[in-house]
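Colleague: Sequences listed follow chains A and B, in order. Sequential numbering of the first sequence, starting at 1, is according to the numbering used here. Sequential numbering of the second sequence, starting at 1, is according to the numbering used here.
Hints are computed from structural coordinates only; laboratory data are not their basis. Keep in mind that a hint or two might mislead.
Unchecked claim - Cut-off 25 Å, straight-line C-alpha distance, at most; resulting in silico cross-link-like pairs (DMTMM-like, lysine to aspartate or glutamate):
no., chain 1, residue 1, chain 2, residue 2
1, B, 116, B, 92
2, B, 28, A, 13
3, A, 73, B, 99
4, B, 31, A, 13
None of the values given here were measured: they were computed from a predicted structure.
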Amino acid sequence: MIVKDIIDILEGEIICEGDLNQEIKTACGSDMMSDVLAFVKDQSVLLTGLVNPQVVRTAEMMDMACIVFVRGKMPDDSIIRLAEQRGITLMKTRFRMFTACGRLYANGLSGGTKV
Amino acid sequence: MSNAIHLHYEVSGEDFTRAGEASSAVKKRLKSLGYNPDAIRRIAIAMYEAEINMVIHADGGFCDVDIYPDRVEILLSDHGPGIPDVEKAMQEGYSTAPDNVRSLGFGAGMGLPNIKKYSDEMRIETTIGVGTNLYLTVRVKS
Numbered sequence: 001m002i003v004k005d006i007i008d009i010l011e012g013e014i015i016c017e018g019d020l021n022q023e024i025k026t027a028c029g030s031d032m033m034s035d036v037l038a039f040v041k042d043q044s045v046l047l048t049g050l051v052n053p054q055v056v057r058t059a060e061m062m063d064m065a066c067i068v069f070v071r072g073k074m075p076d077d078s079i080i081r082l083a084e085q086r087g088i089t090l091m092k093t094r095f096r097m098f099t100a101c102g103r104l105y106a107n108g109l110s111g112g113t114k115v
Numbered sequence: 001m002s003n004a005i006h007l008h009y010e011v012s013g014e015d016f017t018r019a020g021e022a023s024s025a026v027k028k029r030l031k032s033l034g035y036n037p038d039a040i041r042r043i044a045i046a047m048y049e050a051e052i053n054m055v056i057h058a059d060g061g062f063c064d065v066d067i068y069p070d071r072v073e074i075l076l077s078d079h080g081p082g083i084p085d086v087e088k089a090m091q092e093g094y095s096t097a098p099d100n101v102r103s104l105g106f107g108a109g110m111g112l113p114n115i116k117k118y119s120d121e122m123r124i125e126t127t128i129g130v131g132t133n134l135y136l137t138v139r140v141k142s
């Protein structure tokens, strides 16, 4: 799967474009950034309902390629700028967290951990 | 050691949105120096969690980073309230962060456990009412 596929599966709307051809191996869905930071696998997509600059910083520390804001949430300019500087793709989807994660999982994306 | 690269950052306690700037800068520097990506990630995450802790609990402080060929040593120092029970603070899920911090995505009680997990050595010196020094070492495989 690549970033472009995520846009299709989640009927997403691009807010800030990074490398859309980057390969996506696993995903993580959480509003708690410390929980995201607890599993340092190749988690290349972060799905979250949290909208603040620390979401981008968390993705940056984890080398994530893409952040999906669920329930159509729109980040402000400072968040978008931060993502632009770091080459991270931002998108929003109208789906809620459970549904968005389910759609990606059903399309073959896993959490990358055994549990 | 004379071949260390020394970096110093002040961490502001007033602006939560800027927390992580020091970690971000260190990550960039290590990347440009060509360090192993897995090690860089471990260093960045450990330092980032610690930086967030400083902002949440201690009203900021400073970070000293020493980059050696085989390891990175980080000191995060603050004049915050100190940690009353370090053993408890090391338990996953234990947090004293206020609710407003949770609404920002932190305070899940994973900060110190994550820092320990990603560093090879971790030492905490803390005195109630005086502050906390957190020493981290992450070894780097070439």
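Colleague: Look at each hint and say if it fits the structure.
Modeller: To see whether the hints hold, each was checked on the structure:
Among the hinted pairs, residue 116 (chain B) with residue 92 (chain B) is consistent with the structure: their alpha-carbon atoms are about 11 Å apart, no more than 25 Å. Our distance criterion of 25 Å between C-alpha atoms is broken by residue 28 (chain B) and residue 13 (chain A), whose separation comes to about 29 Å. Distance hint between residue 73 (chain A) and residue 99 (chain B) is fulfilled; the C-alpha atoms sit about 22 Å from each other, no more than 25 Å. Simply put, residue 31 (chain B) and residue 13 (chain A) have alpha-carbon atoms about 31 Å apart, too far for the 25 Å limit, and the pair is violated.
Comparing the model with each numbered hint stated earlier shows that hints 2, 4 do not hold.
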